[in-house]
Amino acid sequence: MKKNTLKQFHMGFSFLVTIMVVLLVLKLLNWLPSALQKEDIRKYGSVDDVRTALKIPRIYIPAYFPEYIKWPPAEIFAQRKPFPMIMMHFTHRDSKSFALSFFQADSKANFEPKYKSDVLYVRKETPVNIRGRTGTLVIAVCSGRERCNRISWEEENYRITLIADDSPEQLLKMAESIY
Amino acid sequence: MLDSLPGMYVVQTFLHSLIAILIIERAMQIWNIKNPLTQFRYRIMTLILPVFMLPFYHLINFERSSFFFRQEQALFSMNRWLSLEIWDVVSLGTLFMILLAGTSLVFFLQELLPVIRDVVARKGNDTYDTFEPDPEIDDLVREMSEKLGIEPPPVSVIEDSHPFIFTSGSKSHSIFLTSGLTELLDREQLKSALAHELAHIARLSNATKWMIFMIRVMMFFNPIVLIVFRRVVQDDEHICDDITVSLTEAPGVLASTLKLFYSSHSEIFSAPFGGVTALKEGMENYSHNLLLKERIARLESGKGYEDKEFEWGKFVLTITVVAVINYFVT
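Residue numbers (our numbering), protein chains in the order written: chain A, 330 to 508; chain B, 141 to 470.
Simulated from the structure, these hints should not be mistaken for laboratory data. Computed from a prediction, not measured in an experiment: that's the story for all the values here. Hints should not be assumed to be uniformly reliable.
Unchecked claim - Stretches of chain A that chain B covers, calculated by requiring three or more beta carbons in the stretch to come under 8 Å of a beta carbon on chain B:
no., segment
1, 340-346
2, 350-364
3, 403-415
Stated by the list, open to error - Calculated cross-link-like contacts (lysine-lysine; reagent style DSSO-like; alpha-carbon spacing at most 27 Å):
no., chain 1, residue 1, chain 2, residue 2
4, B, K174, A, K331
5, B, K454, A, K356
6, A, K336, B, K174
7, A, K372, A, K384
8, A, K502, A, K399
9, A, K384, A, K410
10, A, K502, A, K437
11, B, K454, A, K336
12, A, K453, A, K502
13, B, K454, A, K331
14, A, K332, B, K174
15, B, K454, B, K174
16, A, K372, A, K425
17, A, K399, A, K443
18, A, K384, A, K443
19, B, K454, A, K332
20, B, K349, B, K174
Note that beta-carbon positions come from the ideal geometry of N, C-alpha and C, so glycine has one too.
Using the sequences and the hints given, assemble the complete structure.
What follows is the structure, encoded as structure tokens:
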């Protein structure tokens, strides 16, 4: 009886060790690419940190934000390789839930900016004028029936995209304030 | 391409299969699982889980596919690796695609093409020249079917000098054996061969094989599924060997029967085909013989009759661990 209990304990312990090893290896393998490639995607504390670390000459930021959006961005991710890209995520002032995503990516890169989840369906897609540049406004609904309207256009070598659970007018206003 | 929804499915099902096979195979070692029936149940989960896990995960949390989940919450994200470049020449994503394409090619040549070829070849010619077997064979089949609690299937003998036996049908079954086989085997060996086919019928092996073949078709790009598919088929053969031995109580006879199949198979396929066909036939012959060799060794060692109660607790624990870990692998 005692021998059997000991055997079961030994089996349980071995299984636990296996799980721990799997978790550790996965964590290690997840970290390794960033150690191999210093300029791949990682989180930054501020826009200035991105400028210093990645030497991206120009980072576009909207001058206008609706009242409910909190500044500074809650999260900033950036990379230089395989192509230069910056993404910022802003939260609601009160609820701290996602409010706006901003993307600045190399216009030649095959990059599809994503909000919290995948686009469920597109209601309307129209061309818009942003300070003399032609952009696209997309009225869409994402998984979870959330509104995820987006506006995108090209500035020099970059494609700028703004995605928010907000009206097209507000999106356009933010887009026009970018310098 | 790999960032699209189908691309994500391909990448993640591959990773989920890899993690499932590692944990499940290790768990079987730890839980000391030697019974082929239990091994079959564990291994089949390696095939089934990855097919359904991704849609299920998406259903419980649609934000799982988002960048934030991958970056902040995931234990492992394949995208980090796929974007890496080797000496700024080729990305790991491209190499990964080559691996998947290679697996798809193997699947097409090895598993889909023979099925298509067989269907085309048999079109309009789906009958064999058969005749009624010896009444003794019918008696053997009836007696053993009763023991297994199944309807005795009809048995037909095909006029062919090659020694073959197989069961057709997924719902209503028939056993076919060749005249070459009846000449080659003595009564006891024939009993073992028939018992083995009856075991397949009792286990609904053909229906199960179709089911796992469908998973194989769905996951044609996945090299892990290719390995597990073969292991599951192998486990099924071991289970049927054990059922055969429980019916005939003669493991040695079944081993000697398999040895005859082993040598016969080598003779049939040792003819010179030339080129790719020769290589393919040679590989199939090698893998067939390897399986027979393993089954013979197992029967001769007397390991095959362990009948332990299935431990649901350990099974559920293992599957839950696989499902939870894979949730955080994107």
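Check the hint pairing K372/A with K425/A against an upper bound of 27 Å on the C-alpha distance. holds, 18 Å
What's the verdict on K454/B and K174/B, does the C-alpha distance respect the 27 Å limit or exceed it? Satisfied, since the Cα-Cα distance of roughly 14 Å is no more than 27 Å.
Has the given pair, K454/B with K336/A, been kept, meaning a C-alpha gap of at most 27 Å? holds, 14 Å
With a cut-off of 27 Å on the C-alpha distance, tell me whether K384/A and K443/A pass. holds, 24 Å
Take a quick look at whether K502/A and K399/A sit within 27 Å of each other, Cα to Cα. Answer holds: K502/A to K399/A is near 17 Å, not above 27 Å.
Taking only the CA atoms, is the gap from K454/B to K356/A under or equal to 27 Å? Holds - the C-alpha atoms of K356/A and K454/B are around 26 Å apart, at most 27 Å.
Could you grab the alpha-carbon distance between K454/B and K332/A and see if it respects the 27 Å cut-off? holds, 19 Å
Between the alpha carbons of K349/B and K174/B, is the straight-line distance 27 Å or under? Holds, at about 22 Å.
Need the status of pair K384/A, K410/A: alpha-carbon distance at most 27 Å? holds, 12 Å
Hey, K453/A versus K502/A, does the alpha-carbon distance stay inside 27 Å? holds, 19 Å
Quickly compare the C-alpha distance for K454/B and K331/A to 27 Å and report which way the hint goes. holds, 20 Å
Pair hint K502/A and K437/A, alpha-carbon separation not exceeding 27 Å: holds, 26 Å
No hint from the list above goes unmet by this structure.
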